[in-house]
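With the sequences and hints as input, model every part of the structure.
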Amino acid sequence: MQDVSALYRQIVADPNHYFEATVVIGESGNLVTEAGDTILFGGTAIIVSRTGPDSGYAESTIFSLKTSSRMFGNEPEIGKVIAQEIELQMLQPAGEIPPMALIVPYVRACAGDLRSEWLQQGVFYIDTRQTSASYENLPVITLHGFDAALLTEQDYAETRLDWPAVDIDIVQEIAATIGVSVDSRTVDLMTDGRTFPLPTGYTLREMLGYIAAEYLGCFIMTEQGQLRLVSLLDLPKETSFLIDRNGDYITFGGDRIKV
Amino acid sequence: MAETSIFNLLSRVASLDVAPAFQPYSKVVIHVDDDTVVEAGDDTGRTLEFNDPFGTQELAEQLLAKLPGYQYQPLYAQGTLLDPAAEIGDGVSIKGYYSGIYQRDRTFGKLMQADVAAPHDEEINHEYKYKSPQERKFTREIGNVRASLLIQAGLIEAKVSRESPEGQTSFSWLMGDTSHTWYANGRQVMRVNANGAEIDGKITAREGYIGNGSAGFSIKATAIYNGMTGLNDTVHNGIYIGTDGVALGKGAFKVTAAGNVSANNMELTGTLRVGGSSIGASVLRQGAQSAYSNGSYWTGGAGGGYNFKSMADNNDYTAKYGKFTYLTVANANFYSYALNYKDWNGNNQTVYVLGHG
Numbered sequence: 004m005q006d007v008s009a010l011y012r013q014i015v016a017d018p019n020h021y022f023e024a025t026v027v028i029g030e031s032g033n034l035v036t037e038a039g040d041t042i043l044f045g046g047t048a049i050i051v052s053r054t055g056p057d058s059g060y061a062e063s064t065i066f067s068l069k070t071s072s073r074m075f076g077n078e079p080e081i082g083k084v085i086a087q088e089i090e091l092q093m094l095q096p097a098g099e100i101p102p103m104a105l106i107v108p109y110v111r112a113c114a115g116d117l118r119s120e121w122l123q124q125g126v127f128y129i130d131t132r133q134t135s136a137s138y139e140n141l142p143v144i145t146l147h148g149f150d151a152a153l154l155t156e157q158d159y160a161e162t163r164l165d166w167p168a169v170d171i172d173i174v175q176e177i178a179a180t181i182g183v184s185v186d187s188r189t190v191d192l193m194t195d196g197r198t199f200p201l202p203t204g205y206t207l208r209e210m211l212g213y214i215a216a217e218y219l220g221c222f223i224m225t226e227q228g229q230l231r232l233v234s235l236l237d238l239p240k241e242t243s244f245l246i247d248r249n250g251d252y253i254t255f256g257g258d259r260i261k262v
Numbered sequence: 211m212a213e214t215s216i217f218n219l220l221s222r223v224a225s226l227d228v229a230p231a232f233q234p235y236s237k238v239v240i241h242v243d244d245d246t247v248v249e250a251g252d253d254t255g256r257t258l259e260f261n262d263p264f265g266t267q268e269l270a271e272q273l274l275a276k277l278p279g280y281q282y283q284p285l286y287a288q289g290t291l292l293d294p295a296a297e298i299g300d301g302v303s304i305k306g307y308y309s310g311i312y313q314r315d316r317t318f319g320k321l322m323q324a325d326v327a328a329p330h331d332e333e334i335n336h337e338y339k340y341k342s343p344q345e346r347k348f349t350r351e352i353g354n355v356r357a358s359l360l361i362q363a364g365l366i367e368a369k370v371s372r373e374s375p376e377g378q379t380s381f382s383w384l385m386g387d388t389s390h391t392w393y394a395n396g397r398q399v400m401r402v403n404a405n406g407a408e409i410d411g412k413i414t415a416r417e418g419y420i421g422n423g424s425a426g427f428s429i430k431a432t433a434i435y436n437g438m439t440g441l442n443d444t445v446h447n448g449i450y451i452g453t454d455g456v457a458l459g460k461g462a463f464k465v466t467a468a469g470n471v472s473a474n475n476m477e478l479t480g481t482l483r484v485g486g487s488s489i490g491a492s493v494l495r496q497g498a499q500s501a502y503s504n505g506s507y508w509t510g511g512a513g514g515g516y517n518f519k520s521m522a523d524n525n526d527y528t529a530k531y532g533k534f535t536y537l538t539v540a541n542a543n544f545y546s547y548a549l550n551y552k553d554w555n556g557n558n559q560t561v562y563v564l565g566h567g
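Sequences listed follow chains A and B, in order.
Going by my numbering, the first sequence opens with residue 4, and the numbers climb by one from there.
Going by my numbering, the second sequence opens with residue 211, and the numbers climb by one from there.
Think of the hints as simulated: they come from the structure by calculation, not from any bench.
Treat each hint with caution, since some may be false.
One side of the interface only, derived from the structure: several residues of chain A facing chain B at Cβ under 10 Å [stated by the list, open to error]:
hint : residue
1    : R163
2    : R188
3    : Y205
4    : I223
5    : E226
6    : R231
7    : L238
In silico BS3-like pairs for lysine-lysine, Cα to Cα no more than 30 Å straight-line [to be verified]:
hint : chain 1 : residue 1 : chain 2 : residue 2
8    : B       : K305      : B       : K276
9    : A       : K83       : B       : K460
10   : A       : K240      : A       : K83
11   : B       : K412      : B       : K430
12   : B       : K320      : B       : K305
13   : B       : K430      : B       : K369
14   : B       : K276      : A       : K83
15   : A       : K240      : B       : K276
16   : B       : K412      : B       : K369
17   : A       : K69       : B       : K412
18   : A       : K240      : B       : K369
19   : B       : K460      : A       : K69
20   : B       : K460      : B       : K430
21   : A       : K83       : B       : K430
22   : B       : K237      : A       : K240
23   : A       : K69       : A       : K83
The beta-carbon is built from N, C-alpha and C at its ideal position, and this holds for glycine as well.
Laid out in structure tokens, this is it:
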């Protein structure tokens, strides 16, 4: 579960809560109106950073936004590196969307006047784009992308490790190669200290898969865009604590109540 | 710090499909490469299989030791109101069923609806280990065929092998920087290099040519020839070997399919057999000389003898020597007379004497 604030938990516990979404495309863009029109200053578009959700495209410009993640297919599998997908259909943004630009969706919980922090929902790279004029003669663009897991489809060409190398060091080096960091839960999980020879002829993705298999799991990219090993054995044990109508644990003095 | 959590969805789900929990795992199989498989455990439960070129027997046993007690609960829930803070790998409890979130399709909106699943294939989780004859045949035909393609600097190797109850077969080729070689069941059958091709086995061709590019042997469906173009070709020098016969040197020597031999000259150093009988060289020579000197010839006759024929009238015929078992004389000056006498017992006997008049 992603880290959330107490405010988020409070809002989600409200039966009248709902969610808002926004999406950031690219590293930067032009300042636009709520309708998506570029705001000009002396005839010149105003370039703004799109590094945060507050400068993202609001729901009013988004027709549909879907993400899909499948750790395995028809039965439990291990030794895979899974890419999450995104499909975004929205009004064509005013600015130029560079090739393989970033797409970062966010969600926040709302209830009355309360607004939680934005929760990042993945980091994707545009793979394909299609433009059509299907909404009141306005151009509509459909973007499809994958997360950084596909960046591991490259040869293990360069290394600074001493081989044979320890598994977590290999994972750290692969993550650095594709420009991401390693989720802290993965570091906590990979304590076996298995060593591997220099993987000549294998891709980063294959190497990650072989390491994942030896921990009975698969690698995925988290919502924060970090590399994470998910083991089949990492599933928390089923509990029977008292919960509220939303499914959250009811605590007494901070302790959960077993029933 | 983010942690693995459990989400209780209670009944907030549009539809829920649940299958019985899988049997616990009792076996780990690691495919190290095409030819090497290591495994640990037995077949009393499910088997976990994966590929790992670094896999060892020790690893298989270590992983198996971690699996007891782990049971996979398949479920598929559509239209859940799953908290957007949930992640892949978190636990989810729906209507009393508990499993992990291993698939998630989300639609962003005010409700943030999601389809979540711990997927399964209903056909896979058979409790009764039965395979139909068709499934077994499919496994034999498809599952035991392996193929590999190895590409390295200066070497490309491709191999397809099949294992079946009838045995193991394979075919492969290997291409290096100086040669290209084909193998069948591990035995070299063809090799091509700068000097040409070496083939160890049968060659079948509709047509072809063996030579230097301008002259040589032509290969047709019914003949192989060089120079000569047919059995009865008397213009071109060469050789012709066909289904209708064999010929050499503009037809100077020819044997037809019917067994008729013609040759400009022939020298025999051994025995000539005619009609099942041997004729020595001296007999042939003397007979031929005699027949020739008398302007006639002889032919084979009944009883293993020979008949002179077509002898002209009023000519004398002589022979240095000869032996007649039967002699038939017509209009010749031969006569016979009977000589009668009594034998020792007093009985009359007659002998016939051939005389010359």
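Compare the structure with the hints numbered earlier in the document and write down the numbers of the violated ones, lowest to highest.
1, 9, 13, 17, 18, 19, 21
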